[in-house]
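Student: Spelled out, the chains give:
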Amino acid sequence: MPIQVLMPALSPTMTDGKLSKWLKSEGDAVAAGDAIAEIETDKATMEIEAVDDGVMGRILVAEGTEGVAVNAPIALILEDGEDASALDGVAIAPAPAKTPSVAHEQAVTVDAEINAPSPAPMESVYDGPVKNMTVREALRDAMAEEMRRNDTVFLMGEEVGQYQGAYKVSQGLLDEFGDMRVVDTPITEYGFTGLGTGAAMAGLRPIVEFMTFNFAMQAIDHIINSAAKTLYMSGGAISCPIVFRGANGAASRVAAQHSQCFASWYAHCPGLKVVAPWSGEDAKGLLKAAIRDPNPVVVLENELLYGQSFDVPESDDFVIPIGKAKIERAGADVTIVAFSIMVGVALEAAEQLAAEGIEAEVINLRSIRPLDTETIVASVKKTNRLVTLEEGWPYAGIGSEIAAQMMENAFDYLDAPVNRVCGVDVPMPYAANLEALALPKTTHVVEAAKAVCYR
Amino acid sequence: MARASAKPASAKKTAAAGKKPGPQKAARGRPSSSRYTEEELLGYYRDMLMIRRFEEKAGQLYGMGLIGGFCHLYIGQEAVITGVMKAAEKQDSTITSYRDHGHMLACGMDPKGVMAELTGREGGYSKGKGGSMHMFSTEANFYGGHGIVGGQVPLGTGLAFAHRYKKDNGVCYCYFGDGAVNQGQIYESFNMASLWKLPIIYIIENNKYGMGTSIERASATTELYSRGAAHGIPGKQVNGMNILDVRDAAMDAAGHARSGKGPIILEMKTYRYRGHSMSDPAKYRSKEEVQKVRSESDPIDLVKQMLLDNGFSEDRLKEIDKEVKAVVSEAATFAQDSPEPHPSELFTDVLIEA
Ligand SMILES: Cc1ncc(C[n+]2csc(CCOP(=O)(O)OP(=O)(O)O)c2C)c(N)n1
Ligand SMILES: [Mg+2]
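Each protein sequence line maps, in turn, to chains A and B. Note that this note's numbering gives residue 511 to position 369 of the first sequence, counting from 1, and the numbers run on in steps of one. Note that this note's numbering gives residue 388 to position 197 of the second sequence, counting from 1, and the numbers run on in steps of one.
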């Protein structure tokens with residue numbers, strides 16, 4: 143049977159094209175890989191190559207013909223051993239490409255899957271011994287405990303080893319674990335983030351420290367394109383158990399390039415988990431959970447919290463489930479949702495509100511993605527009023543996301559529109575007075591809470 | 192597909208005496224008078240032909256609308272991956288760009304699974320969710336398949352870091368193009384690899400063009416093998432159209448990297464016959480240029496000629512042609528018959544549920 147040569151598509155959108163030139167004539171021998179014709183669209187020119195050896199039997203479409211439909215037969219090639227008589231009586235019909243079998247026809251209801259509040263994992267109540275320590279020490283202990291537990295865990299980043307950490311978070315780790323597992327890197331964020339991600343694909347569990355998340359902007363390509371997407375792109379074949387951690391958010395008097403909250407940047411991306419600890423307990427429990435997690439996890443710490451002290455569970459087994467918020471203070475009148483350093487601000491505001499007879503419930507998100515929508519909704523059903531609080535910019539921020547989710551999941555329970563308290567929508571200024579004006583303060587939260595209570 | 196060289200010399204048939212002996216040095220396990228045995232040449236011929244026929248078929252399926260989006264064919268460059276894999280050991284890892292079909296076949300991945308990924312079907316290596324540019328196999332130690340130009344270079348450096356960390360005596364083969372060499376992340380990787388003496392071979396597939404930009408129009412210096420000099424990384428230029436040169440260079444480089452001496456660069460001078468992807472205006476180079484390489488330096492023809500010069504029967508080559516064609520057409524059939532992924536797959540593999 144002579145082989146039909148079909149008009150090819152140069153792109154998925156091409157429906158027809160011009161057959162500009164035949165490079166073989168009837169009777170010419172063709173070998174697999176030989177160019178036999180040239181076709182053209184407004185975008186491109188391409189040669190058609192023979193896929194089998196044989197002889198050009200018959201040309202069905204003359205050169206110069208425009209508007210030749212994709213998949214229309216344009217020539218017949220005689221296979222080895224066939225002669226021209228084989229051409230007689232060949233039924234020439236476009237061979238439609240096999241359409242994929244539609245084994246599964248039902249449409250997918252996307253909104254149900256994505257927007258339903260996912261049941262949050264259970265939190266085990268810790269009632270063991272605690273020790274007062276700084277957030278800095280809690281983070282260090284989390285890493286040390288996990289590195290003792292699993293020898294594929296290692297820490298890499300700038301100044302993590304000999305210098306003991308730019309913010310002294312990795313103090314003592316080099317001495318205990320040596321320089322194979324506490325790796326001082328050159329100042330090369332893009333490179334070492336990619337390197338860490340590759341090592342995770344090969345089965346190690348890297349903790350990549352960014353001196354601050356501002357510098358991870360150079361590395362966000364690997365965090366998103368390489369770490370977050372590979373599990374999906376590989377159909378589950380390649381996992382990427384890696385932690386990206388470091389100081390996030392506004393520091394003090396360092397101006398715009400060194401003061402920014404990246405929570406909404408990372409939270410936007412499927413394939414990542416994002417956590418933001420406030421207390422020492424959060425720091426230890428969330429970082430340990432992040433290290434044990436088989437997925438890439440972004441841990442957004444805060445420089446100004448490193449020196450604050452809290453009671454921290456001593457047990458090596460204390461791990462906070464990712465995806466579960468914590469109610470730091472119960473109240474019936476208004477819900478305030480915050481994360482990281484803003485949890486402290488929310489608690490202060492709650493104190494002031496209490497003095498004025500308003501009982502605020504303060505939710506410490508702990509996880510930004512997945513978000514514990516269930517806990518927020520339950521609280522709003524009780525208080526009917528919600529204030530979100532974050533250091534980051536308002537536009538497409540975490541508060542915006544929570545507000546949208548409340549529309550979808552708690553609309554009937556809201557007695558007032560959700561009120562967002564955010565950083566001011568400007569790059570961070572250096573001047574002390576302007577910097578103070580750019581960040582949310584207790585008074586803003588108190589005002590917002592009163593506003594949603596119509597007081 | 193054959194992975195390398197561990198076979199004892201006695202198992203090979205050496206090139207008959209009096210027939211054109213290979214020049215230059217002997218590779219491992221082969222009488223010093225010859226660079227190859229007939230069995231080796233036949234293996235090279237088969238492996239390269241497999242890639243070429245596979246790619247031609249992919250081009251054809253694309254033309255029929257069965258493959259969508261980008262589809263970067265490797266035709267012309269077959270000797271590079273095929274030759275390098277002759278130096279590879281079981282534990283070694285491979286990583287490359289989006290021009291990856293040949294690499295996957297040479298790493299021993301199943302042509303059916305690769306083709307079915309191109310058609311976006313359930314039977315593909317990534318269940319249809321990665322496409323032509325994104326396939327992986329931990330079994331074959333193949334780590335993709337990456338679509339961001341240069342992105343695989345730090346990732347590969349991380350694979351090498353893991354070889355050193357696990358002390359598994361493995362080496363990473365990390366491939367990238369002449370266009371990619373101008374990415375900053377490559378020099379970040381070179382620095383760390385050299386600083387930490389990581390076991391990695393950076394293989395630059397210099398096919399003269401990054402999309403439509405010739406290397407002269409993109410690179411201030413075009414001797415790409417010397418791009419590691421500032422980081423103390425040795426480099427070598429290799430005729431990437433001659434599989435024997437590729438193989439020997441790869442064996443030397445693997446010895447270097449495996450023995451703890453750190454990274455090494457191999458610049459493979461090669462050529463891509465087809466367009467960058469499927470719709471390529473083809474205005475940036477002449478037809479004569481392409482034709483000249485095809486007729487004078489084709490890597491498959493070269494091996495075929497060596498076999499014929501050795502008095503090897505053409506019939507056996509024909510048998511191989513047939514065998515390869517059968518494998519490829521089986522892959523194409525599988526790729527068309529495999530169903531599209533179930534809609535529920537939309538939501539799987541985003542995160543591993545702990
Ligand atoms: C960071 C980035 N920039 C641009 C592109 C678009 N792009 C895809 S391939 C390519 C050319 C790369 O050429 P080269 O490295 O020589 O590899 P070859 O295609 O020749 O194998 C470009 C510009 C991309 N995928 N990633
Ligand atoms: Mg190129």
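Because the hints were derived from the structure by calculation, they are not lab data. Be aware that a few hints might be false.
[Stated by the list, open to error] Cross-link-like lysine-lysine pairs, in silico, DSBU-like; alpha carbons within 30 Å at most: (1) A:K160 - B:K478; (2) A:K310 - B:K357; (3) B:K357 - A:K371; (4) B:K452 - B:K248; (5) B:K483 - B:K452; (6) B:K474 - A:K160; (7) B:K478 - A:K166; (8) A:K166 - B:K516; (9) B:K483 - B:K248; (10) B:K483 - A:K160; (11) B:K248 - A:K163; (12) A:K166 - B:K483; (13) B:K399 - A:K166; (14) A:K166 - B:K474; (15) B:K483 - A:K163.
Student: Straight-line Cα separation of K452 of chain B and K248 of chain B no greater than 30 Å?
Tutor: violated, 41 Å
Student: For the pair supplied as a hint, K166 of chain A and K483 of chain B, confirm whether the alpha-carbon distance does not exceed 30 Å.
Tutor: holds, 18 Å
Student: Next pair to validate is K248 of chain B with K163 of chain A; report whether the Cα-Cα distance is within 30 Å.
Tutor: holds, 22 Å
Student: Is the Cα-Cα distance between K310 of chain A and K357 of chain B 30 Å or less?
Tutor: Since the Cα atoms of K310 of chain A and K357 of chain B sit roughly 28 Å apart, the hinted pair holds (cutoff 30 Å).
Student: CA of K474 of chain B to CA of K160 of chain A, is that 30 Å or under?
Tutor: Within the cut-off at roughly 17 Å; holds.
Student: Would the hint linking K160 of chain A and K478 of chain B be met if the CA-CA limit is 30 Å?
Tutor: holds, 19 Å
Student: Would the hint linking K483 of chain B and K452 of chain B be met if the CA-CA limit is 30 Å?
Tutor: violated, 39 Å
Student: Sort out whether K166 of chain A lies within 30 Å of K478 of chain B, counting only the CA atoms.
Tutor: This hinted pair holds, its Cα atoms lying about 16 Å apart.
Student: For K357 of chain B and K371 of chain A, compute the direct alpha-carbon distance and say whether it is at most 30 Å.
Tutor: holds, 25 Å
Student: Just to be careful, I want the Cα atoms of K483 of chain B and K160 of chain A compared with a cutoff of 30 Å; is the pair within it?
Tutor: With Cα atoms ~26 Å apart, K483 of chain B and K160 of chain A stay inside 30 Å; holds.
Student: Has the given pair, K166 of chain A with K474 of chain B, been kept, meaning a C-alpha gap of at most 30 Å?
Tutor: holds, 22 Å
Student: Checking one constraint from the list: CA of K483 of chain B to CA of K248 of chain B, max 30 Å. Satisfied?
Tutor: holds, 23 Å
The structure fails to meet hints 4 and 5 from the earlier list, while all remaining hints are met.
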